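Novice: The residues making up each chain are set out below.
Protein chains: 2
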Amino acid sequence: MHSTDIKSYMQSIGRKARAASCLIAKAETTTKNQALIAMAEAIGRNEQELLTANAHDLDTAKTKGLEAALVDRLTLSVKGIANMAEGLLQIAALADPVGEISGLNYRPSGIQVGKMRVPLGVIGIIYEARPNVTADAAGLCLKAGNAAILRGGSEAIYSNQAIAACVRKGLKIAGLPETAVQVVETTDRTAVGELITMQDYVDVIVPRGGKGLIERISNEARVPVIKHLDGVCHVYIDDQADFDKAVKIADNAKTQRYGTCNTMETLLVHSNIAEEILPVLSKIYLDKNVELRGDDAARAIIAQMNPATEADWLTEYLAPVLSIRVVADLDQAIDHINCYGSQHTDAIVTENYSRARRFLREVDSSSVMVNTTTRFADGFEYGLGAEIGISTDKIHARGPVGLEGLTCQKYIVLGDGQIRQ
Amino acid sequence: MHSTDIKSYMQSIGRKARAASCLIAKAETTTKNQALIAMAEAIGRNEQELLTANAHDLDTAKTKGLEAALVDRLTLSVKGIANMAEGLLQIAALADPVGEISGLNYRPSGIQVGKMRVPLGVIGIIYEARPNVTADAAGLCLKAGNAAILRGGSEAIYSNQAIAACVRKGLKIAGLPETAVQVVETTDRTAVGELITMQDYVDVIVPRGGKGLIERISNEARVPVIKHLDGVCHVYIDDQADFDKAVKIADNAKTQRYGTCNTMETLLVHSNIAEEILPVLSKIYLDKNVELRGDDAARAIIAQMNPATEADWLTEYLAPVLSIRVVADLDQAIDHINCYGSQHTDAIVTENYSRARRFLREVDSSSVMVNTTTRFADGFEYGLGAEIGISTDKIHARGPVGLEGLTCQKYIVLGDGQIRQ
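Line order of the protein sequences matches chains H and A. So the first sequence is numbered by our numbering: it starts at 66 and just counts up by one. So the second sequence is numbered by our numbering: it starts at 66 and just counts up by one.
Just chain H, same shape as in the assembly:
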């Protein structure tokens, strides 16, 4: 397509999404659930078609020599397909956030004022290789009463369109407009540029992918963006920590999975406990082939550490590498986190009540934890049911974003003829 054609194609998608969003916003809970269940059934019934479409994408990926990690994310297995369907059924089982009324109180004037939770409208999702995002994002946007425009990576175009066909089938069975979930069918990059600047048709953009993609989108968007930049997560072991809990948590936060955004990247240890705990922890990490990079004080205790540079404190390794710093006290720990962290997820291990209370209040991150692992920062673990992403922004939503983050609250006012004096 020519770029003028892409502009008019995207405008047409936008117009249809806006029209559909009005119908989805007022759809009844049972209708939305019926659509979600029908989508899950369609995905189950079309397993073979989905595998074939995915094989097509995988062939292209291999021809182009895509890296193994990307091919891995692109691959749809039989189990992956079943999980996608199960995810939609779980979303159907969640409470409907739309229309929830809260805080309805009488005011001195006699009017009642409260808030009603309402959809955002049209949500644009921009993602990379994972085809399962197509089903997850469609399901979450629909349940929250929004229309969705999905723009997946060009590597997954056949898989995404096959999943989109199942989504449309579900919408149709429930009598909802099929345009409530649209998958952009061109792989041309100018389509993204259109999507993130169509202020009349798109209310919010959720980009999912690497930091480069998200920064580019944030800089060019004219529509609000709910974004997730990096996860430079910390665990701080206080000198009043329970030793065994500290070891268990520091191990789990780093080694349970290396490539996730809520994995610990820097360990901070109080100087009073460093000599006792670092040898125990280092043995665990080195046995698991985690490379350690420490400051001078840490390296004075553990010889097998490379020196950490200033850049290490700022780095999200997403790999078996850990930087370690010995700190003098809680203040230094909090200062380090607020200075070098990415406001994602940070934890303290301590039995000291006042220090736990201060850490919770003063660490400015989307999730702040006491005596548990950063790996719990996740929509499912938090009880949101599912997440469309994790926000490291400060307005609208912080942390895992589920159905509630895809809605907002308007004011409702009930009166009985009151007027303003």
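If you are wondering where the hints come from, they were derived from the structure by calculation, not from laboratory data. A portion of the hints provided could be inaccurate.
Which copy? The list can't say, so a pair holds if one copy fits it or any two copies do.
[Claimed, not checked] In silico lysine to aspartate or glutamate, EDC-like type, Cα no more than 20 Å apart, as pairs:
id, residue 1, residue 2
1, K292, E280
2, K276, E193
3, K475, E427
4, K234, E250
5, K91, D360
6, K475, D161
7, K475, D400
8, K91, E427
9, K72, D481
10, K475, D295
11, K180, E452
12, K91, D394
13, K91, D400
14, K81, D400
15, K81, D265
16, K81, D481
17, K180, D443
18, K180, E446
19, K292, D443
Note that the structure is predicted; figures quoted are calculated from it, not measured.
Once you have looked at the hints, place chain A on chain H.
Specialist: Then chain A, alone, in the frame of chain H:
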């Protein structure tokens, strides 16, 4: 100043604001209240200095031939000064939103997950002539735990700096950093361009002023903007309305004040009740010299109406002008509002339960009302204590924005050594 000097001046303001925001975020409630009370006292004590500074601004305004409405907004009276001080005392009396913990529940893993309300960080306020915004905005930002950078109109520069001196005095007395509230001292417009693009130092921008100013800022900002565009507010009189309530509300919504954003600009009347109610209402409006502009059906009932054009349905008059349309039913009323309205404030007058319920759900505006006047859409009337503005955005905050809108919620997680399996 040269534009490079302005850039470094603004960067320096930003750096100081960021540093101050960390201290303000953890300041105790009593300390913040002490500062607010001390600010109010300083304003009271410096009445003469404030009047002198304001006289200076007014002289310049008159020399430049500024229009009367602007001069009116710029003027600080003895009563206005007392109101400013009183406003700060009212903010001191409000509950502290910072640190509020909600929804703390146990999860199957054994962790407790909840949310804590936290400040946004640094707030940039850009406003026009009204000097009282300096005190209001400073007070609200401080109570919500934020640092503020205030950029008022050049017309009010002396008044704003005199008020800012009182604000700094209050901060100093309470032992808080005086840089927690900074007033930009240059009237050069490039300072605004810097303010709205300093992503490292500013977390959100709240522009207060005309639509032109707000659109320009929204388009150029690289920082999130909480914005208030126009208020094209509607009252829909249903055929099952109580006649007397409908007359009272339609009168009040238009004529109590003409220049406010929550004033009704379009009246929608059900065709079954139009012949009965429009003569009564027209007499009220015409007696008050309100110009009426109607569609054909309305003009067939009331001769003294000019014809309304398509442009009228989209216009915020802010003046004694009212457009009137006769509609066939509730659906047409809702469609008209969602199509031509500005998602600000809209009201239905009806005794019909199901229609009221549908109107509340389906009208996509920041405030939706039943049987009361749009003029109630106001932070004080809603019990927010004060407002920094009214948001017509869909993310973060809709409607009047008070202390809560100047905060966000982070997740807190409490454990006892739990790790992820």
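Novice: For each hint, tell me whether it holds in the structure or not.
Specialist: Against the structure, the hints come out as follows:
1. K292 to E280: Within one copy only: 9 Å inside a chain, 23 Å across chains, cut-off 20 Å.
2. K276 to E193: So K276 and E193 pass the 20 Å test inside one copy only (12 Å; across, 38 Å).
3. K475 to E427: Answer is between; shortest inter-copy Cα gap is 11 Å, intra-copy 30 Å.
4. K234 to E250: within (17 Å within a copy, 60 Å between copies)
5. K91 to D360: Neither. Shortest intra-copy (57 Å) and inter-copy (29 Å) distances fail the 20 Å Cα cut-off.
6. K475 to D161: Answer is within; shortest intra-copy Cα gap is 16 Å, inter-copy 22 Å.
7. K475 to D400: between (37 Å within a copy, 18 Å between copies)
8. K91 to E427: Cα proximity of K91 and E427: across copies only (6 Å, versus 41 Å in one copy).
9. K72 to D481: So K72 and D481 fail the 20 Å test inside a copy (49 Å) and across (54 Å) alike.
10. K475 to D295: This pair counts as between: shortest inter-copy Cα distance 17 Å, intra-copy 32 Å.
11. K180 to E452: between (24 Å within a copy, 16 Å between copies)
12. K91 to D394: The answer is between: 18 Å across copies meets 20 Å, while 54 Å in one copy does not.
13. K91 to D400: Classified as between; 13 Å across copies, 47 Å inside a copy.
14. K81 to D400: Between copies, since 17 Å is at most 20 Å while 49 Å is not.
15. K81 to D265: within (12 Å within a copy, 37 Å between copies)
16. K81 to D481: neither (39 Å within a copy, 50 Å between copies)
17. K180 to D443: This pair counts as between: shortest inter-copy Cα distance 14 Å, intra-copy 27 Å.
18. K180 to E446: between (27 Å within a copy, 14 Å between copies)
19. K292 to D443: within (15 Å within a copy, 31 Å between copies)
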